[in-house]
Amino acid sequence: MRTRGIGRRSILGGTAGLLAAPWVARAQAKTLRIGMQSIFSGPIALVGTSSRAGVQMEVERINSAGGLLGRQIEIVYRDSKGQPQEAARVARELVNSAGCELLLDAEASSGAFAVQEVVRDLGVACIHCNSETSSLTADPKIRVPTAFRVARQGVHDAIAGSAYLAEFANANKITKWATCSPDYAYGRDTTAQYLQFFKKFKSDIEVVTEAWPKLGQPDLTEVITKLIQAKPQALFTLLYAGDLSAFVNQGNVYALFSQMKVACPNFDYPVLTTIKNLPAGIQAATRYIETFPDTAANKAWGESYRKKYNEFPTNWSWENSLAVQFMEAAVKKANSTDGKAVAAALVGMKVNSPFGVDGTITMRDDHTTIGYAIGWGQTVPQPPYITSVKPADWGKILELETEWKKQQHYI
Amino acid sequence: MKSRPALRDTLIAVVALAVILVIPAFHRSPAFEDYIIRLSAMALFATSLNLLVGSTGMVSFGHGMFYGLGAYSFALTMQLTDLSLPVAAILAVLLTVVAAFLVGAVCVRLGSDYFAFVTLAMQMLFFSVIISWQSLTGGDQGLRGGIPRREIFGFDLSSQLHLYQFSAIVAVLGLLALRHVSASPFGATLRMIRDNETRAAFLGVVLWRARLIAFVIAGGFAGLGGVLAALFVSGAYPELADWPNSGQAIFAVMLGGIESFLGPLVGAMILLALNDVVTRTTEYYGLVLGIVILAFALGLRRGVLDYLRRWWAQGRTGRAR
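These protein sequences, in sequence, are chains A and B. Taking the numbering used here, the leading residue of the first sequence gets 1, the next gets one more, and so forth. Taking the numbering used here, the leading residue of the second sequence gets 1001, the next gets one more, and so forth.
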């Protein structure tokens, strides 16, 4: 028995250490701590890592120029593993024990809704940088006084995409469509939203078949053959990331792309660069590309990102970079990190940005950004991957968005 | 002492509760308070599971279903009606009890392997309902918009301190009630079934009835844990009802000790603390957790509290010699 004494003690000590560790007193420092939470592990860790890269670039710029309010910024990262209850816990921990004065929430949508409720309780200033679900800020019941979104918003993309595709369909005399989207809330809701606006722009469209592959489904044969058999003139798909690459790669085997026109708003650099033979002529929206907006500032940003991280930026990268810019400008304007003061500064704020369709992006009074680049063009197999990009008409987007909000009883 | 175990248990509970409630008067630590709130939910969840696993020998892989059901029914009642918080909580627990009765009626007569499979299947079915019934549950996005936290008896549950006090009281009372169940003659019957069900049946115990009652009680307390979890996140998410969450409870039971009543509580404490510490320093949480569980499974061969108790007992007999 004696020989096992050390084992016992170390186990007891270890346990005691573990129990004591969560509430180690916070270190008070002059540095300005900003909490950033996202998904840094698991199959969609790219959300977190490319968001973090976008944030780091901006923070390094601010720190080398002397910091924010004269204080160096330190970002405290936390992994929520994509679980909403972890997202809520981590948000509370960042503010309550890690001493963060501001929050960057780079969670996917379900996590963002959990963070939103924590922010409602704590009153800290928070920017959601990845969630595109419109209701997060559009629904006044869900909106929170100190929480903002610096990201695309689903309804904006749906209007812009539908308008472009209606024009495309008219030019090519296309009326018979098929849809193929992931089988969960995002896929089903967003497809319905696109179709709703699509019918508004072009009343004679007909959906001949719908396919709903599971998220991460490795073999899409049945989906592809179903689509081909229905003989639509065009296909609209909301597949994204790995599922989209798999669909294009497997669709190539069945020559799907020569049998119908294809449109998809979810082509991002990681997808564009991993597809083996990217077919030319897919109608694609730009989530982020260096050539749209076609300005020196955008090109420079994309190039410096690539040089620094040796990979292409994602849509999440620009959203998070921009979130830091908004935070920086608001804290400067408020001369404080207080939740209410920063929120007051953010409402109506306009910043210069390479990602703005006219070089600026505005934070509207319903806590979401407008004026960011949305464009549609055609794919080509080599860089720049998407060419002849047409910018969306923000006037039309805002007009129809207001109509949609009224329909949803948000206003 | 031996003659009045109920009094002793109550005393321990009162002292523990008093200590927890007094701490914030001396030192406010939001992280510690959050930890206790989450621990309250997890402790009820894991301890109720141990009534099945440890006391009755029924390894349920679907216990998360009742945790999730408690969370969803509570959150939905609060969002959709103007009922007061305690009424909503009681309704949620009652609903969980009914659900546990229905699920239990199907499962408890099955042999242990099939029992594990079918409970898991029931949970997956429930999880699919949550995902598909979007208009009610919000689907995979979870229930949004927060839980309106109406004041009860002077408790304002949007205040962290009040939620801390409320959770601690609910958890300690819940654990005390579970302790009484396991220390009662009924608890002894369950252990008899676990050890030798043929003999128990010959002694006149109706096996399925005892198992069903245990299943329903366990489900109800898991539902109560779910109510606390919903209060903490101010919402309900499908992950609460998913099978990895059931796995968490099983981990807690295995880590803390299957034979000791407080084992699952200790397991939950370790698991939550481990999660908090490890996610702060590395993105390889799963790897660390796996190594720790392997160390417990292969090294200690039993949970912490079982190990300590055995060691203590051995020490005493050693000294007596």
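Worth double-checking, as some hints may not be accurate.
A partial selection of chain B residues facing chain A, derived with a Cβ cut-off under 7 Å [unchecked claim]:
(1) R1028
(2) P1030
(3) A1031
(4) L1125
(5) S1128
(6) D1140
(7) G1142
(8) G1145
(9) G1146
(10) D1156
(11) S1158
(12) H1162
(13) A1295
The calculated lysine to any residue pairs, modelled on SDA-like cross-linking and capped at a C-alpha distance of 20 Å, are [unchecked claim]:
(14) A:K231 - A:M260
(15) A:K214 - B:L1076
(16) A:K214 - B:S1128
(17) A:K332 - A:R33
(18) A:K261 - A:K141
(19) A:K214 - B:S1184
(20) A:K141 - B:L1076
(21) A:K141 - B:S1128
Please keep in mind that the hints were generated in silico from the structure rather than gathered at the bench. The beta carbon of each residue, even a glycine, is placed where N, CA and C say it ideally should be.
Hints, one by one, checked against the model:
1. For R1028 (chain B), the interface hint is violated, the least distance from its beta-carbon to any beta-carbon of chain A being 10 Å, above 7 Å.
2. Proximity of P1030 (chain B) to chain A holds as hinted, the smallest CB-CB distance being about 3 Å (cut-off 7 Å).
3. Contact between A1031 (chain B) and chain A, as hinted, is supported at the beta carbon level, the nearest pair being about 4 Å apart and thus within 7 Å.
4. For the restraint placing L1125 (chain B) at the interface with chain A, the shortest Cβ-Cβ distance is roughly 17 Å, beyond the 7 Å limit, so the hint is violated.
5. Given hint, S1128 (chain B) at the interface with chain A, is violated; its Cβ is 12 Å from that chain's nearest Cβ, farther than 7 Å.
6. Evaluation of the D1140 (chain B) hint against chain A yields a held restraint, the C-beta minimum of about 5 Å falling below 7 Å.
7. Interface restraint check: G1142 (chain B) against chain A, minimum CB-CB distance 5 Å, threshold 7 Å, status holds.
8. The interface hint given for G1145 (chain B) is met, as the beta carbon of that residue sits about 5 Å from the closest beta carbon of chain A, less than 7 Å.
9. The interface hint given for G1146 (chain B) is met, as the beta carbon of that residue sits about 5 Å from the closest beta carbon of chain A, less than 7 Å.
10. With its C-beta approaching chain A no nearer than about 11 Å, D1156 (chain B) sits outside the 7 Å limit, and its interface hint is violated.
11. For S1158 (chain B), the suggested interface contact is upheld, since its CB lies about 6 Å from the closest CB of chain A, less than 7 Å.
12. With a least beta-carbon distance of about 12 Å to chain A, the hint placing H1162 (chain B) at the interface is violated under the 7 Å criterion.
13. Restraint check, A1295 (chain B) versus chain A: the minimum CB separation of about 9 Å is more than 7 Å; hint violated.
14. Distance restraint check for K231 (chain A) and M260 (chain A): the Cα-Cα separation of roughly 8 Å lies within the 20 Å cut-off, and the hinted pair is therefore satisfied.
15. Distance hint between K214 (chain A) and L1076 (chain B) is unfulfilled; the C-alpha atoms sit about 28 Å from each other, more than 20 Å.
16. Under the criterion of a C-alpha separation no larger than 20 Å, the hint pairing K214 (chain A) with S1128 (chain B) is consistent with the structure, at around 13 Å.
17. A C-alpha spacing of about 15 Å is found between K332 (chain A) and R33 (chain A), which places the hinted pair at or below 20 Å, so the restraint holds.
18. For the given pair, K261 (chain A) sits about 40 Å from K141 (chain A) by alpha-carbon distance, which is inconsistent with the 20 Å threshold.
19. Distance hint between K214 (chain A) and S1184 (chain B) is unfulfilled; the C-alpha atoms sit about 49 Å from each other, more than 20 Å.
20. Pair hint K141 (chain A) plus L1076 (chain B) holds up; C-alpha atoms about 15 Å apart against a cutoff of 20 Å.
21. Using a Cα cut-off of 20 Å, the hinted pair K141 (chain A) and S1128 (chain B) is violated, with the two alpha carbons roughly 27 Å apart.
Violated hints, in rising order: 1, 4, 5, 10, 12, 13, 15, 18, 19, 21; the structure is consistent with all others.
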